[in-house]
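Starting from the known structure of chain F, fit chain L onto it as the hints suggest.
Chains as they are written, first to last, in the numbering used here: chain F, 404 to 789; chain L, 92 to 557.
Since the hints were made in silico from the structure, they are not lab data. It cannot be assumed that every hint is accurate.
[To be verified] With a Cα cut of at most 30 Å, we get these calculated DSBU-like pairs of lysine-lysine:
(1) K217(L) to K447(F)
(2) K775(F) to K212(L)
(3) K777(F) to K156(L)
(4) K113(L) to K171(L)
(5) K782(F) to K214(L)
(6) K723(F) to K295(L)
(7) K171(L) to K214(L)
(8) K447(F) to K171(L)
(9) K131(L) to K162(L)
(10) K777(F) to K217(L)
(11) K253(L) to K214(L)
(12) K171(L) to K291(L)
(13) K514(L) to K782(F)
(14) K778(F) to K514(L)
(15) K291(L) to K782(F)
(16) K187(L) to K420(F)
(17) K187(L) to K156(L)
(18) K113(L) to K175(L)
(19) K775(F) to K171(L)
(20) K420(F) to K447(F)
(21) K777(F) to K113(L)
(22) K775(F) to K514(L)
(23) K447(F) to K162(L)
(24) K187(L) to K212(L)
(25) K777(F) to K514(L)
(26) K295(L) to K778(F)
(27) K156(L) to K175(L)
(28) K775(F) to K253(L)
(29) K459(L) to K505(L)
(30) K162(L) to K116(L)
[What the hints assert, rightly or not] A partial selection of chain F residues facing chain L, derived with a Cβ cut-off under 8 Å:
(31) T444
(32) D453
(33) R459
(34) L681
(35) N683
(36) V716
(37) T721
(38) K723
(39) A771
(40) N772
Remember, predicted model here, so these are calculated numbers, not experimental data. Virtual Cβ for every residue (Gly too), placed ideally from N, Cα, C.
One letter stands for each residue in the lines below.
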Amino acid sequence: MMKLREKLDQLKKPFAKGAKWERFAPSVNAFDTFLFVPNHTTHKGAHIRDAVDLKRTMVTVIIALVPALLYGIYNTGYQYFIQTSEAFTFIDAFLHGAIKILPMIAVSYGVGLAIEFAFAVYRGHEVNEGYLVTGLLIPMIMPVDIPLWMVGLSVAFAVLIAKEAFGGTGMNILNPALTARAFAFFAYPTYMSGNKVWVSEASNVDGISGETILGSLASGAEVNYSMFEMFSGAIPGSIAETSTLWVLVGAAILIFTGVGSWRIMLGSVLGAAGMGFLFNLWGANALMDFSWFNHLIVGGFAFGVVFMATDPVSAAQTQKGKWIYGVLVGVLCILIRVFNPAYPEGVMLAILLMNVFAPTIDHYVIEANINKRKKRSLKTAAVQTA
Amino acid sequence: MRSELDKFAVQNSIVNMSTDIKIRKGLQLKLKGAASNIIKRAPQTNNYALKPTDFHGVFPKLLVKEGQSVKAGEPLFYSKYQDKIKFVSPVSGTLKEVQRGAKRKILNLFIEADSKQSALKHKLPKLENITADQTRELLLASGNWPFIKQRPYDVIANPDSKPKAIFVSAYASAPLSADFDIVLDGQQEAFQTGIDMLAKLAPKVHLSISSQSDSFLSCVTNCELHRVSGPHPAGNVGVQIHHIDPINTGEIVWTVGAEDVANIGRFFLTGTFDASRTIAVSGSPVAQPKYYKTTIGASIAPILEDAEADQNTSLRIINGDVLTGVATTQDSHLSYYNNTLSVLPEGNRYRMFGWLPFVGSSIHSMSKTSLSWLFPKRQYAPDTNMNGEERALVVTGEMERVFPMDIYPMQLLKACMAQDIEKMENLGIYEVAPEDFALIDYSSSSKIEAQAIVREALDLMITEVG
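Isolated chain F, as found in the complex:
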């Protein structure tokens, strides 16, 4: 270990302060700090520090994403093989998915990290770890057959416009991963919606069609999937969003470690369930009749609520605000699903919309705290003059 350390220190010499490539130090530091937690000691403030850092926090989110990702890879192959009625093994399905999805992840990380590194060097700060999560989320919420260049372009749009333009990590209003999806959704609608994109090779092989459940409901068609299939995720959809089961495993990891806000997750589920229940009572069309608990397990609701709505930067930041934000994400998601047949999946737009409103929610929560303090001041002032 010490050998490796010495070698690294040797390699980093040209990037040291005052040396030739000092400007590019953040790009080598980004790799170095993944090998070793640096030897930096405290210089001001508390002399001891907690073991947690942003790397650990972000990697925990990635760990939480892995179950859904692995299932998504398998399901990609599974959907393809059952549609083509070929005989297949678990390995076949998994390999089919991996060949499709790993290049998408590579493109997402390649393009996104290149931009992140460039901005870190340009702004003279270290590379933030946030993109490690965003970069994995983006392919996970795309349809499997989307061309790689579209993935790259969506990533570039999201990182540049949704994140860096606002000042980088911690400053963005919108969730970058959802912004990438929204960009692709509105720029290339034929690749992002309809009944030919959700199953691998559907647009090339005539025999394959794969409508998502929400898509069929919106067009008034019958739904032929059992509740178990919806819950386990053996249904067509974006790559890793289909399996509520494995998303819940991720949710458990996030809630247990405290990295994801359970308030937002629970708020969203309550909001969606309540809204779904109201529509069930109304029951004017097939979507309204779709039972409220099924709303929770189809489409991207679970995935969006667990992994995207809880993004601490773009969500509400106060405890009370998180409840309000969460409930409204749930309510809006079902509203959009039911009233907007053009957008059968409502969770993306619901979260993005609430991202925009999160600062407003926080503003009112904090304003209440400020008013309480002001009132206290006025009260004591009144007592003193009396």
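Frame of chain F, contents of chain L only:
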């Protein structure tokens, strides 16, 4: 001893109503090397120093020259912008050297103590008849005033201000810090006198003690007693003020350290400035952590040697506790205010893959991304490693976990960084001091320097608002 205390308690039970304050948010960090309940007289030294840097915001104007001999209690310098506030020598001796740093800033006044001590004596009227103004003038003239600090701003109190109350916290909750039951042992008369004199300066004196305290502190009269329980920062006077009688815009409160109250009391009993100090020497590299009776400004080295601090590793010596103290060197001197001298191993080492979750649970973490929560009783021996690098603020809700006030800490910090004075006021800047943010420094996953940010913001408020 016990029966005497009990008798005392019974005598005073009628006048002494106490309230309970329970703090839930915070962190009780258990560290190795806590001082054992032994008080020892510190080894003799003739090497003392008074550090003007201990007094935040004070511009020292010297009253003595190098080579001049001074008595204990004789003023060495005064504050340029508050010339009534004088800073006196803790011992009698010769002013050996005035050490200056960049821009001729005075860092140390080195004093070589005489073998035979002599002290400046003040004439005191009868204590019962002393008026508030007399008390104030005596405190200023004798050099006791710097013991009195004020909120807002956490600086030495302005003698012309009218505080709504004086707060004394005799509950130290920070890790490894001195227990005031031990520090104040045998100082009952001085402490009570100190409280009595402070009571002349403000309409109310609040004394907070640990709910576990079994010393004379629960019998102190002439003040409102509060029994505080809960994790750190429950012992912080700022947290107690917030729960007892929060500071509103335009209001001022004064705060005095618990042992400083006894020092003030002894001055009024004897007429001489009392610089005695009891400190807990603690930390994992200290083989014999215990309490020492010593004097403000005493040389640190002999004390560390006596406590058998490990000299083979590189050490961080801290005047104060590990969360809020000031780093110093072994050849340096005790600060003016601290009752704790903490020693930590330096942490300038690399840890391979140390960022992985659930790896290396020997380093404490509040977050459940480490397994250290499985061992709630474990004692840790932290070093000074940052355990990561500074990053943008991403995670929300973690600051609130260690901030037991009805204030939004992250929003306040952001207002401080943006130097938005109106927002800072609205969000409660007047109620806080840097020390209240110490656990945010500790637990932040973005490794932000919250205490430094708050200190800078308070200094900005002093210049802009006053």
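We went through each hint and held it up to the structure:
1. K217(L) to K447(F): This hinted pair is violated, its Cα atoms lying about 46 Å apart.
2. K775(F) to K212(L): Violated - the C-alpha atoms of K212(L) and K775(F) are around 50 Å apart, more than 30 Å.
3. K777(F) to K156(L): Outside the cut-off at roughly 50 Å; violated.
4. K113(L) to K171(L): Outside the cut-off at roughly 42 Å; violated.
5. K782(F) to K214(L): 44 Å, violated
6. K723(F) to K295(L): 36 Å, violated
7. K171(L) to K214(L): 26 Å, holds
8. K447(F) to K171(L): 27 Å, holds
9. K131(L) to K162(L): With Cα atoms ~26 Å apart, K131(L) and K162(L) stay inside 30 Å; holds.
10. K777(F) to K217(L): 44 Å, violated
11. K253(L) to K214(L): Holds. K253(L) to K214(L) sits at ~26 Å (cutoff 30 Å).
12. K171(L) to K291(L): Since the Cα atoms of K171(L) and K291(L) sit roughly 27 Å apart, the hinted pair holds (cutoff 30 Å).
13. K514(L) to K782(F): The given pair, whose Cα atoms are some 21 Å apart, holds under the 30 Å limit.
14. K778(F) to K514(L): 16 Å, holds
15. K291(L) to K782(F): 26 Å, holds
16. K187(L) to K420(F): Judged against 30 Å, a Cα distance of about 40 Å means the pair is violated.
17. K187(L) to K156(L): 9 Å, holds
18. K113(L) to K175(L): Roughly 39 Å separates the two Cα atoms, so the pair is violated.
19. K775(F) to K171(L): 39 Å, violated
20. K420(F) to K447(F): Between K420(F) and K447(F) the Cα gap is close to 21 Å, so the pair holds against 30 Å.
21. K777(F) to K113(L): 25 Å, holds
22. K775(F) to K514(L): Answer holds: K775(F) to K514(L) is near 15 Å, not above 30 Å.
23. K447(F) to K162(L): 35 Å, violated
24. K187(L) to K212(L): The hint holds at about 23 Å.
25. K777(F) to K514(L): 12 Å, holds
26. K295(L) to K778(F): 23 Å, holds
27. K156(L) to K175(L): Satisfied, since the Cα-Cα distance of roughly 20 Å is no more than 30 Å.
28. K775(F) to K253(L): Between K775(F) and K253(L) the Cα gap is close to 25 Å, so the pair holds against 30 Å.
29. K459(L) to K505(L): Given pair K459(L), K505(L) holds - Cα atoms ~26 Å apart, limit 30 Å.
30. K162(L) to K116(L): Not satisfied, since the Cα-Cα distance of roughly 47 Å exceeds 30 Å.
31. T444: Since chain L brings a Cβ to about 4 Å from T444(F), closer than 8 Å, the hint holds.
32. D453: Result: holds, 5 Å to nearest chain L Cβ.
33. R459: 5 Å, holds
34. L681: Cβ of L681(F) sits 31 Å from chain L, so the hint is violated.
35. N683: Violated, about 34 Å.
36. V716: 6 Å, holds
37. T721: OK, holds: T721(F) within 8 Å of chain L, min 7 Å.
38. K723: Result: violated, 11 Å to nearest chain L Cβ.
39. A771: 11 Å, violated
40. N772: It holds, given that the least Cβ distance between N772(F) and chain L is near 6 Å, below 8 Å.
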